[in-house]
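*Asks:* Please take these sequences and the hints and turn them into a complete structure.
Numbering (the UniProt record's numbering), first residue to last: 1 to 486.
It should be emphasised that the hints constitute simulated quantities derived from the structure, not laboratory data.
A quick note: this is a predicted structure, and the numbers were derived from the prediction, not measured.
A virtual CB, placed ideally from N, CA and C, is assigned to each residue, including glycine.
Hints are supplied without guarantee of correctness; some may be wrong.
[To be verified] FRET-style restraints, in silico, Cβ to Cβ:
#1 Tyr314 - Asp26: 30 to 36 Å
#2 Ser375 - Lys443: 48 to 54 Å
#3 Ser418 - Glu317: 53 to 59 Å
#4 Arg157 - Lys81: 35 to 41 Å
#5 Glu317 - Asn460: 39 to 45 Å
#6 Glu226 - Lys443: 35 to 41 Å
[Claimed, not checked] Computed list of lysine to aspartate or glutamate pairs in EDC-like fashion (alpha-carbon distance at most 16 Å, straight line):
#7 Lys81 - Asp350
#8 Lys223 - Asp312
#9 Lys97 - Glu111
#10 Lys205 - Asp177
#11 Lys162 - Asp350
#12 Lys32 - Glu159
#13 Lys335 - Asp286
#14 Lys455 - Asp468
#15 Lys313 - Glu333
#16 Lys403 - Asp421
#17 Lys402 - Asp343
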Amino acid sequence: MQILKSGLILLAFSIHFPLFSEERSDFDHVRKAVVQIKVYSQAFSAFTPWATDGVRASSGTGFLIGNKRILTNAHVISNAKYVQVQRYNQTEWYRVKILHVAHDCDLAVLEAEDPEFYKDSTDLSLGEIPELNSSLIVVGYPIGGNKVSVTRGIVSRKEQSKYEHSSVDSHLVLQVDAAINPGNSGGPAIQNNKVVGVAFQVATKGENIGYLIPTKVIHHFLKDIEDGRYDGYVELGIGTFNSFNTSLRKAKGIPDGLEGVFVTRILPNGSADGYLKEGDYLTEIDGLTIGRNGTITLDKDARVDFTETVDDKYSGEPIRFKVFRNGKLIDVEFKAKRMPDFDFMRNRYDTPFDYSMIGGLLFQEMSRDLLGAWSRSGSTSGGSQFLYRYDYFIEDGIGRTKKADVVLYRKLAHPVNSSSDYFLNLVLESVNGEAINSLADLKRIISESKSKFLKLKFLNIDLPLILDREETQKADSQIRSTYGLE
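*Replies:* This is the structure in structure tokens:
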């Protein structure tokens, strides 16, 4: 899939349909609520954390939802330096402030600073999830013009799918065949004069396959921010396996006709940690039967993964399972909670990347952004440990004792680090015998050290890297000047 930023190229064009007279009044109401957004953004660089990328201009769409709030996609305004908005009948652009951003569900709320922006505006209300094969219109400002564009489509699928903005989180989506183009991001999908979704991404394969964030996800976001901050989604934190295999069911003593799925792993620090067990057979969640393929009935049109029920919850709310364990059906209940352990696996926006340099050797905490930048750099030799730790940091329980893995991911060449190539792309375990559980640990140890040498021990490597502390400090000053770090 592809996020609908205007800088991306999509081979699709908006189709403009004439509006019938009886639809005119409804559309006038809609277009007074739809907002064109211009963004000037500057992203931070994970591979070169002392620098930023160039300023880029992009556009998107939003719409008014009441109390002067403009709803749009998080990816529309990510890394923004300046954001301005305009409605269809305005000639001025108005500056906005960003109130709330939810990168895990790709939604954001803005507010215009000048009350004049809201003159003669209308607000849109949220409707229900539409039925399959029902028609809707998608309204927005795709690139190539400053006029409101309307495209029509049919709801063709309801499913859980990955939200590309974070590259990790999966939530409910609506698939439609309306033409959705760059610039449409954040625009409302309208059915019966109500918003039933927000345009946010398209499939890179196939024609006119677009995706909407349904109102179920929007309501979750808006309720989350009622207290003035966004907390984010909770995580169940388990792995499951379907129960289609009859022999496996018999071997595990599962009664005939009992639907459900097997628990294959429990992630540390997840909601289920300490309550569910590997080998448990989950048959119901919150009173809903879990099918052998791990789905529950969403409505008369669709079945979705049973974790969609957990998506509806907020931190502290109960999750209730009926579990077949040791030959008996039992009830298991526990509270939903967030998993901060997952944060490093999400794409990061709006904040710079912290790093530490020792004699031209660059260290950073493991993150999805660093992994992506590192893989594009071409300097991936010996990186199997890097990849393994990224994939299994949570699953292996490393996060119970460590805040983050600190990786030597790059060097800025200088005579003081000429013999360090062997250690590139490895996880730093300790310095002078002190464990490194975060980048803050590394910075503190280096700043406080009075030793003549720095002994850097890397994970699963017996031979340490030895550096002369005073020489590295002198070299760092030269390196900062030579490579423009100052």
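*Asks:* Each of the hints needs a verdict: does it hold here or not?
*Replies:* How the hints compare with the structure:
no.: 1; hint: Tyr314 - Asp26: 30 to 36 Å; result: holds, 34 Å
no.: 2; hint: Ser375 - Lys443: 48 to 54 Å; result: violated, 26 Å
no.: 3; hint: Ser418 - Glu317: 53 to 59 Å; result: holds, 57 Å
no.: 4; hint: Arg157 - Lys81: 35 to 41 Å; result: holds, 37 Å
no.: 5; hint: Glu317 - Asn460: 39 to 45 Å; result: holds, 41 Å
no.: 6; hint: Glu226 - Lys443: 35 to 41 Å; result: holds, 38 Å
no.: 7; hint: Lys81 - Asp350; result: holds, 9 Å
no.: 8; hint: Lys223 - Asp312; result: holds, 11 Å
no.: 9; hint: Lys97 - Glu111; result: holds, 5 Å
no.: 10; hint: Lys205 - Asp177; result: holds, 13 Å
no.: 11; hint: Lys162 - Asp350; result: violated, 21 Å
no.: 12; hint: Lys32 - Glu159; result: violated, 31 Å
no.: 13; hint: Lys335 - Asp286; result: holds, 12 Å
no.: 14; hint: Lys455 - Asp468; result: holds, 9 Å
no.: 15; hint: Lys313 - Glu333; result: holds, 14 Å
no.: 16; hint: Lys403 - Asp421; result: violated, 26 Å
no.: 17; hint: Lys402 - Asp343; result: holds, 14 Å
Of the numbered hints stated above, those contradicted by the structure are hints 2, 11, 12 and 16, listed in ascending order.
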